[in-house]
Structures are given as C-alpha cells and as structure tokens.
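Asker: Build the complex: two chains, separate frames, hints provided.
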Amino acid sequence: MKRNRLGWLLGWSLLLAAAQVSAAEDERNWTNVLKDQYYQGKAIVESDSVITVDAPYRAEDPALVPLKIVSQMPQTKDKFIKKITVFVDNNPYPFVGEFEMGPESGKADLAMRVRVNTYSFVRVVAELNDGQLFMAKKYIKASGGCSAPMGADLDAAMKRLGKMKFRVPEQVKTGEANEIQLFISHPNISGMQMDQVSRTIKKSHFVRSVNVTFDGKPVLTAKTDIAVSADPNFRFFFVPEKSGVLKAEITDASCESPTSRAVCTSGNAYSESYQINP
Amino acid sequence: MRIFLILLCMVIAMPLYAQSALSMTEAAQGIYVHQGKHELPDTTNHGAIANIGFIVGDRCVAVIDTGGNPDEGMALKQSIQKITSKPVCYVINTHVHPDHIYGNIAFKMRGVQFIGHKNLARAMAARAQFYLDRAAEQIAVDLKPENLIPPDKAVNGHMKIDLGGRVLELTAHAAAHTDNDLTVYDPATETLWMSDLLFIRHLPVIDGSLLGWLKEIKALEKRSFKIVIPGHGPIVSDWPKSLQPEKQYLETLQQEIRALIKSGKFIEEAIETVGYQFKDQWLLFDQFHRKNVTAAFAELEWEE
Numbered sequence: 001m002k003r004n005r006l007g008w009l010l011g012w013s014l015l016l017a018a019a020q021v022s023a024a025e026d027e028r029n030w031t032n033v034l035k036d037q038y039y040q041g042k043a044i045v046e047s048d049s050v051i052t053v054d055a056p057y058r059a060e061d062p063a064l065v066p067l068k069i070v071s072q073m074p075q076t077k078d079k080f081i082k083k084i085t086v087f088v089d090n091n092p093y094p095f096v097g098e099f100e101m102g103p104e105s106g107k108a109d110l111a112m113r114v115r116v117n118t119y120s121f122v123r124v125v126a127e128l129n130d131g132q133l134f135m136a137k138k139y140i141k142a143s144g145g146c147s148a149p150m151g152a153d154l155d156a157a158m159k160r161l162g163k164m165k166f167r168v169p170e171q172v173k174t175g176e177a178n179e180i181q182l183f184i185s186h187p188n189i190s191g192m193q194m195d196q197v198s199r200t201i202k203k204s205h206f207v208r209s210v211n212v213t214f215d216g217k218p219v220l221t222a223k224t225d226i227a228v229s230a231d232p233n234f235r236f237f238f239v240p241e242k243s244g245v246l247k248a249e250i251t252d253a254s255c256e257s258p259t260s261r262a263v264c265t266s267g268n269a270y271s272e273s274y275q276i277n278p
Numbered sequence: 001m002r003i004f005l006i007l008l009c010m011v012i013a014m015p016l017y018a019q020s021a022l023s024m025t026e027a028a029q030g031i032y033v034h035q036g037k038h039e040l041p042d043t044t045n046h047g048a049i050a051n052i053g054f055i056v057g058d059r060c061v062a063v064i065d066t067g068g069n070p071d072e073g074m075a076l077k078q079s080i081q082k083i084t085s086k087p088v089c090y091v092i093n094t095h096v097h098p099d100h101i102y103g104n105i106a107f108k109m110r111g112v113q114f115i116g117h118k119n120l121a122r123a124m125a126a127r128a129q130f131y132l133d134r135a136a137e138q139i140a141v142d143l144k145p146e147n148l149i150p151p152d153k154a155v156n157g158h159m160k161i162d163l164g165g166r167v168l169e170l171t172a173h174a175a176a177h178t179d180n181d182l183t184v185y186d187p188a189t190e191t192l193w194m195s196d197l198l199f200i201r202h203l204p205v206i207d208g209s210l211l212g213w214l215k216e217i218k219a220l221e222k223r224s225f226k227i228v229i230p231g232h233g234p235i236v237s238d239w240p241k242s243l244q245p246e247k248q249y250l251e252t253l254q255q256e257i258r259a260l261i262k263s264g265k266f267i268e269e270a271i272e273t274v275g276y277q278f279k280d281q282w283l284l285f286d287q288f289h290r291k292n293v294t295a296a297f298a299e300l301e302w303e304e
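Chains A and B are the protein sequences, given in the same order. Numbering-wise, our numbering puts 228 at position 228 of the first sequence, and it's gapless, one number per residue. Numbering-wise, our numbering puts 255 at position 255 of the second sequence, and it's gapless, one number per residue.
With the rest of the complex left out, here is chain B (with noise of 0.2 angstroms):
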C-alpha cells in the first residue's frame, strides 16, 4: 500500500517536473544553442530569452549559461541528456543578466563547477536584492537568494578549461556590456561564443560601459571566427561584419553625445534626440534606446 501511494505520488508529482527539452541547434560540431526569442522578460516568457546552450568534450559538457529561471535550466538539461550521456562539469555564466543566470540552480550538484568574471560574484551582489525582489512581478517566477550561485572559479583575464580532448579558452573582458562579460572561444571548430558582448536585430543594451565595449569590439574585430554565437539573435558565420550594426550603433551613441556635451547641453536633451535614426533597425529600441543613452552620457561626461 505504501509503495502504491509512493508511486501514486510519482506519478502526480512527474508533470511538475518534467520540463520539455529545448530546441536546440548544432552551430558547430558539438556546440549546441537554444535560440531566445526577441522579446523583453515578462511573464509569459518568464525570463527565457537568451541564447543558451552547451558544449560537449570527450569526457563532459560545459553548459553556457542556463536559460531565465529554473524551468528552463530543468529543460535545458534534458536537451543535454537527450544529445549526449556525458556528465555536465562546468557551467559558465557569461554574465550577470537575469536572462542568462536564472536556471543556475538546476545543474546546482556535486561535480559540477561554477565559472565567471572575477566581477561576476560582486555584481551578482549588488543586484541579488533588486532582482529578487521584482521576479514575481516582472517575470512571475518565484526566486530566491539560492537561485543566484556565484562563481567557483573566477576567471581574471585567461583560462583554459578542458572537456577531454576539448579545451576552451575563457575570456574576462574589461567593462563592456556589464562589468563582468566573459566570452568562450573552441579553437577545434574556431567559435567565438561571444553572449552579450554581441547583438543581433535585438538593441544592444548598455550596462557596464560604451567605451569599454567599443574597445573590446575593436580588438575582436581583428581576429577571425568561423561561427559567433550572440546572447540574443541569430548565430552567424561571416565575422566581422555581422558586428557592424552593434558597432555602428554604439560609436554614433559615442559621437553625438560626446558633441552634445562639448555644446554644453544636457542630459535630458540627449535622451530625446541622440540615436533615434536607429528606431527601425532594431528590435527592442523603444525599451532599451533611452536608457543607452542614459548611462552613456552618465560615463562619457567624466572623459577629460
């Protein structure tokens, strides 16, 4: 009898949790991607619209990042399982955004690492309350302090991490996106998971600082990638010029503003005039644009 209620309880309890597996694209052998829909986090989506996935070594998977709340962690780590029987090792957050973070809990177990910028455990933080505080009502997801774990490793500048026969380059970059972005490049298959750092169609979005992101853009520029995967938008295989809209964005924010405060205008004008020729390129302009061009004047009047 007790067995029976047992299983009868299974069998309840089984719907709650079994999240179905993400849809997932092989950008290259062995890396796979959750494309996120283009939209911003509500609660119908819950969060989920970052690109997510996972890269598979001989002897385990990396998975970067986990999706925008727990059920999408759950679901990713189904899609893992369906792919591959290898065990997850590390779990890279690229960084602290909600959207890329939220499903960290899932893979929370024994063997698997945590890694991030060395700035990601200071900015997970100084947000953790503000976040947490407001997932119910933005996102309908009930979040605890739990939900965000902080790096076990912290990268500063370089790390190599190896999946058997499979080793990554892990990149901590300056203040660009966030204060804490973190890019993984495979060599074997020459790909550039670049997550933030690079948007397509979906508005850039600035939260850490436009100079930095120009100067990091201009440095990865240089080099050559078969596949980049962005943190929203399509992946693309015709580096660098898949980058010039981002770019192309930013250094007009860059040039208008610096102008306008050289004219000795202020911040309010800014917001209502910089960067509007933009509206119909991008997706996400009318919730995104004005607060870039916030933060970009808040960092480009302190330039000497």
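So here's chain A without its partners, still in its complex pose (with noise of 0.2 angstroms):
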C-alpha cells in the first residue's frame, strides 16, 4: 500500500517534471534563437498589461489562424505603441509580420489570420515610443488532418491576385478610434510547396509590404512574411479628424529559399483607396 503510494507520488511527479520539460522546450527557439536574432541585448517585460493576444487554443484550420492583438493602454502624443512584432515560434520562417503605428491610430489593436505549422507559441511584442518593449504570448496547437497550408481553390485566388479591399464602419466618427478592415487578394505562397516532377521547391510569392495612409499620413506601415494566410486580413483602428482617402499600398516579393530573405526579388505594386466621409 505505502508502495504503492510512493509509486504513485513518483509517477505524478515525473509527469509534472515531464511537463515542464516540453514546456520549456515550446521556449527553446525563442530563447536560443529568435531573441537575440531581434532584439539583442533588449529586455522584454512578459506582461499582459500592454497587450494581449487572443488565439484558438486548437486551430482546426492551420492555414488560416484567427489572431486578435487587443492593447491595453490609449495611444496618445506622450505614450504610444509604436510597432508591433509578431512570431510563430515553430513555424519554418517564425516571423509573421512588423506593423508601425503611431497616436493617430487611437487604438494599438491589431486582428490577422496566419499560418501555424505545428504546435507552437504566437508570440506578439510591442515597442512604446520610449523604446520600452512588452510581450505576450498564446499557445496553439495546430492540428493538420485533411487541410494544409495551401489549398483551397488557386485558380480562384490567382485571378484575383492583387485585388484589394476596405470595409469600414457605416458611420466613421470623428475624433474617435474607427476599425478598418483591409482586404488583400493573394495566395501568399510560402515557398515550401515540392514540385512533383522535377522534386524542386517552388519559389515563396508573399505580400512584403502593406502602407496604409490617410491623406497620405501613415496609419499602418508593415512589413509582412509566408506566414501570414493567404487573402491577408488585417484590422486596425484609427482616428480621423475630417473627411480624407484612406490609401493601401502593398508589394510582394518572391525568394529563393523559404527559410532566408538574402536573395529575394521585388514582385508588383497594387494600391486601392476608399474616400471616408464621417
């Protein structure tokens, strides 16, 4: 009996020890690598008092994982969020995207849908204007099944590649935060799709870089990777004082390899504007 309980007792603390150990694990490409790759010599506070991010704890669709960023403070002139930081940790290219903002946005929340390749921290760090950095951070397991990371109908998503979209509220408000949706067609290919016959790897075609201007102030400049889904989604705030043309403005680009953005080529410029009367 007393043995028994012993071996119980033991068993269970292996177990804890054992689940400690794969958590710490889930760190590993952080701590050995993605950290200093981005922020050397930087201290990250890991708190949810700047941000925090909203996930699927399981994501039944890998290729396309809602994330919702909701920041906890007001931007004004003083103290503001000023850019943003996203990662998958396990992803084969963690970076997902940078996206710069500034107090005009009113609000630092940020919705993207992205792509997660297995079981893996979302990690998200924002830098205030004082250089402060805070992190936050989701788990999320991925599960494949029949789905993956491409997909769907190609034909579709080709011929309307480039094509870009607002939706904004029915009635902007002055002076206030107004969410804004954009809308970019583009199949965001990765790069790590194997071609049957000649067993080579097909180039990544991905959406680089997205600027959103009203009346050509910045409202979102952001610099974006394979990771994020294809059709990129993205969701942000802002604060008009008067009516103005809201502008995107997005590249791609295609690289050599998947894993690296030494060699890559400049792609197409698309832009679409939407005229805000409040």
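No lab work stands behind these hints: they were computed from the structure. Note that the Cβ used here is the ideal one computed from N, Cα and C, for glycine as well. Any given hint might turn out to be false.
[To be verified] For each label pair, taking beta carbons as the anchor points, the in silico distance ranges come out as:
hint, chain 1, residue 1, chain 2, residue 2, range
1, A, S260, B, H158, 43 to 49 angstroms
2, B, K144, A, Y39, 37 to 43 angstroms
3, B, E303, A, K217, 29 to 35 angstroms
4, B, D42, A, Q132, 33 to 39 angstroms
5, A, V172, B, K218, 38 to 44 angstroms
6, A, V172, B, K37, 52 to 58 angstroms
7, B, P145, A, T221, 39 to 45 angstroms
Answerer: And the structure:
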C-alpha cells in the first residue's frame, strides 16, 4: 500500500517534470534563436499589461488561424505603442510581420490571420515610443488533418491576385478610433511546396509590405511574411479628424529560400483607395 | 543450400507483404466498394478511412482510389485478384486527399495508367511536402515523394475510358470539395462514383469552394442515378434524397455566414456561432465544422 502510494507520487512528479520540460522546450526557439536575432541585448517584459493576444487554443485550420491583439492602453501623443511584431516560434520562418503605428491610430489593436505549422507559441512583442518592450504569447495546437497550408481554390486565388478592398464602419466618427478592415487578395505562396515532377521547391511569392495612409499620413506601416494566411486580412484602428482618402499600397516579393530572406526579388505593387466621409 | 536460404528468406519475408484482402461489397454488377470507417486518420487506422474500390470490364479493371496507405493499396490489389483475373489498366484518383491516394504505389507497374483531374498534379505538388512531413506522426506511415503518383492522363472537362464492353465517363468538376474533384459514371448500371462530393454521416469537409460545391450539387441533383457511391458513408440507392443532408448543411453555412458578413461581423464570431444546430446530425462534427466555417467565411467575404 505504502509502496503503491510512493509509486503513485513518483509517477506524478515524473509526469509534472515531463510537462515542465515540454513547456520549456516550447520556449527554445525563442530563447535560443529569435530573441537574440531580433532583440539582442534588450530587456523584454512579459506581461499582459500593454497588449494581450487571443487565438484559438486548437486551430482546426492551420492555414488560417485568426489572431487578435488587444492593446491595454490608449494611443496618446506622449505614450503610444510604436511597433508590434508577431512571431510563430516553431514555423519554418517564424517572423510573421511587424506593424508600425502612431498616436493617430487611437487604439493599437490588430487582427490578422496566420499560418501555424505545428504546435507553437504565437508571440507578440510591443515596442512603446520610449523604447520599452512588452511581450504576450499564446500557445496554439495546430491540427493538420486534410488541410494544408496551401490549398482551396488556387485558380480563384491567382485570378484575384492584387485585388484589395476596405471595410469601414457605416458611420465613421471623427475624433474617435474607427476599426478598419483591409482585404488583400494574394495566395501568399510560402515556398514550402514541392514540385512533384522536377522535385524542386517552388519559390515563395508573398505580400512583403503593406502601407496604409490617410490623406498621405501613415496609419499602418507593415512588413509581412509567409506566415500570413492566403488573402491577407488586417484589422486596425485610426482616428480621422475630417473627410479624406484612405489608401493601401502593397508590394509582393519572391525569395529563393523559404527560410532565408537573403536573396529576394521584388514583385509588383498594388493600391486601393477609399473615400472617408464622416 | 543457397536455394534453401532464399526459400527461407521468402518464408520469413512473406508475412510482411501478405496483406489480408479488404472486405468488398458489390454495389452494382462489376462495381466493388470497400467502405471505410468514420474516423479521423490516425496512427491506429493508418489513414484507411475512405471508400475505395474498382470496376471490372471485359478487358480490364479500373481502380477508383487506392486507400490511405501503401498497405491498404496492396490489400485492395489482393481483393481485385480474388474477384477477377483481369489486369488493372487504370487507377483513377478522385482528388488529392491522402485517404484516397496514399495506396497509389501498390499499382505502379507497366500497363497501368493513372488518371486524375487536370488540377490534381498541381495540388499534389502544393501539398506533398506538408503531407509527407506529417505522415509518420499522424498516421504512422513512412511515406516518400514516390508514394504520390501524379496522373499520366489529366481530365479536363470529360473523358471516356473503355474497360472492354464497359465505357466509364469521367468528369472533372469545378472547385467544390477540393479544386480537383473527379467523378466516375458507369452508364451500364447507372452508377455514379461521387467520392467526396458526397458525404453521408461523416461531416462534409470544405477544402475547395463552398459556392462551387453547391453549384455542382445542384447540377447533379437534377440527374437520376440508380446507385451513388460517396467518398465516406454507405452506398445509396435513393438519389437525390441521400444528398439532402449535405446540401442543407452547406446551404445553411452559406446563408448564415453571408448574413454575418452583411452585418459587419468578423470571422472569429462566425466560427463560434454558425451551424451548431447540425452538431448531433453528423459524425466528426467537432473535428471539421470549425474548419468548414473558417474556409467558407474566407471565401464568402470576397463575394461581390
């Protein structure tokens, strides 16, 4: 009896230890590679006080995982979130994108859709205008099944490539943060696909930059990569003071290797404008 | 001595290759179907979950889908040999999903032509790496690029193949369940091998186009068939009644998601609210429904 209980305790402590090891392992890509690669020598505070990140724990469709970043402070002239960077630790190319904004955003919230290749943390780092860094993260279990990071109707996707549209609230309010949705039609080919016949890997082809302006002033300036889902979709806020033109300009690129950005060729530029009349 | 050793090796090696033949049902004269289980592909069933089979003509046999792993392909080959002495001349892959094509290698030999939708080779290329990387972990099968065999003959629109006294009509559909769905019609018995354009009991899975699938459904609904073979679920003889649950599910997704988009709602809300009234009507609902809503929403938000 006693022996059984001891065995039981031992079993549990082993299990707990194993759980701790696997949680630590999940941090490996961040602590060993990414942190130094992107934030060498800088202190990052892990806290939900500046931003939080929300995503489904189990991602049924690993090709399209909705991700929502919610800021916990208003964007003011004196103190604001300057840049948000998103990583999926265990993706072949973990950098998802970096998004720059300013006080004119009103709110530094962001929503997007990402590809999650395997079980991984999605990690979001917010940089304040004074240089302080804050980090939030969410663990996601991506389940494969029949779905793949590429798929669906590729003909439709290629035909629509470069098309964009905005969605704005029916009644845009001046002096307040309004939520804008930008739709970009682009297959965002990851470059992880193998050509069956030649046995070669196809080159990536993805949206590399997104610039949204209002009457020429920046609203959202982003650098994005292959972990953004096909047909990139971004939601963000901005505060208009009067009527004006909301404009999105994007460029795409193609890179030789899916996991390096050393050799890339610039692609095409596309743009779309929308008249805002509050 | 050497011969003895060779014989010994053969005896030892045999159990590795001796697959027990699959259970087959004769759906119509000369049309044999093995019905898969309603399960997710996993390390126990090794991906052998789809309906697969073959059609026998006077001259030769056409295989329709080869199963979820090379062993299932071998077992299907054994079943064919038990039923007929005629050789296999065609392997028809109805679409790119692993549970239908991973047995292809069992039929790779002289005299066998592989047939698929014109988009099948591209879909195989786009997904090969993803599928191969996960085969060991998900279905405990060691797969190599050679296991995915692209079609020798690509169907663009329609194609007829002659098995000797029996001409099968193949149709390459527009994007629906996937963007490379192929159906096989046998006029002699008025049987349509619909594969994954028709799901019965197993929740339909959208991996192509919701709108496209509904369009194909509406066209096929007007035709009459004596026997219809789904990709998952039992063989049916009450067409088009057997199509109605799938149609209703897909139509409801379309209506509810369109309404949400119109009222300015986002994808996260759709995933949590749309279509849950169907939960008890379908098997594997929890595994595929949220993915369906996600895919459908991403498609419908681009509607004009």
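Asker: Hint by hint, say whether it matches the structure.
Answerer: Do the hints match the structure? See the list:
no.	hint	in the structure
1	A:S260 - B:H158: 43 to 49 angstroms	holds, 45 angstroms
2	B:K144 - A:Y39: 37 to 43 angstroms	holds, 40 angstroms
3	B:E303 - A:K217: 29 to 35 angstroms	holds, 32 angstroms
4	B:D42 - A:Q132: 33 to 39 angstroms	violated, 46 angstroms
5	A:V172 - B:K218: 38 to 44 angstroms	holds, 40 angstroms
6	A:V172 - B:K37: 52 to 58 angstroms	holds, 54 angstroms
7	B:P145 - A:T221: 39 to 45 angstroms	holds, 41 angstroms
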